[in-house]
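Colleague: Sequence:
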Amino acid sequence: EYAHRVTGIDIHPLAEIGSPFSIDHGTGIVIGETAIIGNHVKLYQGVTLGALSVDKSKASKKRHPTIEDNVILYAGCTILGGDTVVGRNSIIGGNVWLTESIAPFSVVYHKSEIVVRSQNGFQEPINFII
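Quick note, the numbering used here runs 13 ahead of the 1-based positions in the sequence shown.
Be a bit skeptical, because a hint or two may be false.
To be verified - Below, a list of computed lysine-lysine pairs in the DSSO-like style, where the Cα atoms sit at most 30 Å apart:
id	residue 1	residue 2
1	Lys75	Lys55
2	Lys55	Lys124
3	Lys55	Lys74
What the hints assert, rightly or not - The following label-pair restraints were derived from C-beta to C-beta distances:
id	residue 1	residue 2	range
4	Lys69	Phe118	21 to 29 Å
5	Lys69	Ile127	39 to 47 Å
6	Ser35	Lys124	32 to 40 Å
7	Glu113	Glu29	15 to 23 Å
Treat the hints as calculated values from the structure; they're not laboratory data.
This one's a predicted model, so the numbers in the text were calculated from it and none came from an experiment.
We put the beta carbon where it would ideally sit given N, CA and C, even for glycine.
When you get a sec, could you build the whole thing from the sequences and use the hints?
Modeller: This is how it looks when you write it as structure tokens:
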């Protein structure tokens, strides 16, 4: 609890983590008890490697994902489930929600649309007083 309080990072002591392992801006990272992380893995802030279920009857089973070698997990991604495997040499983009396995050499990202309107696209605002 002390390390979590000081760093904002929550890594269960039974999680298996390879070497080298890199955390860049660690605030909000959560790594569950049965997570397995391979070698040369890099995590950014807000990454969660968690369980899909918190049923106590599953406490002795693998509940957290496996991350194979040479993987980058970008900010805010959430990877859940004991059967979920992120294949080696993959990249998981920011804010991705993943509950199924992906093959090695994959790139997974959340496609979002950003719309920017210039002032020229607006009519004159209505002026009123409340």
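Colleague: Hint by hint, say whether it matches the structure.
Modeller: Against the structure, the hints come out as follows:
Pair hint Lys75 plus Lys55 holds up; C-alpha atoms about 22 Å apart against a cutoff of 30 Å. Restraint check for Lys55 and Lys124: the C-alpha separation of about 22 Å stays at or below 30 Å, so the hint holds. Restraint check: the Cα-Cα separation between Lys55 and Lys74 comes to about 26 Å, which is no more than 30 Å; the hinted pair holds. The beta-carbon spacing between Lys69 and Phe118, approximately 37 Å, falls outside the hinted interval of 21 to 29 Å.
With their beta carbons about 43 Å apart, Lys69 and Ile127 fall inside the hinted range of 39 to 47 Å. In this structure the supplied range 32 to 40 Å is violated for Ser35 paired with Lys124, their Cβ-Cβ distance being about 27 Å. Distance hint for Glu113 and Glu29: a CB-CB separation of about 21 Å, consistent with the stated range 15 to 23 Å.
In summary, the numbered hints that this structure violates are 4, 6.
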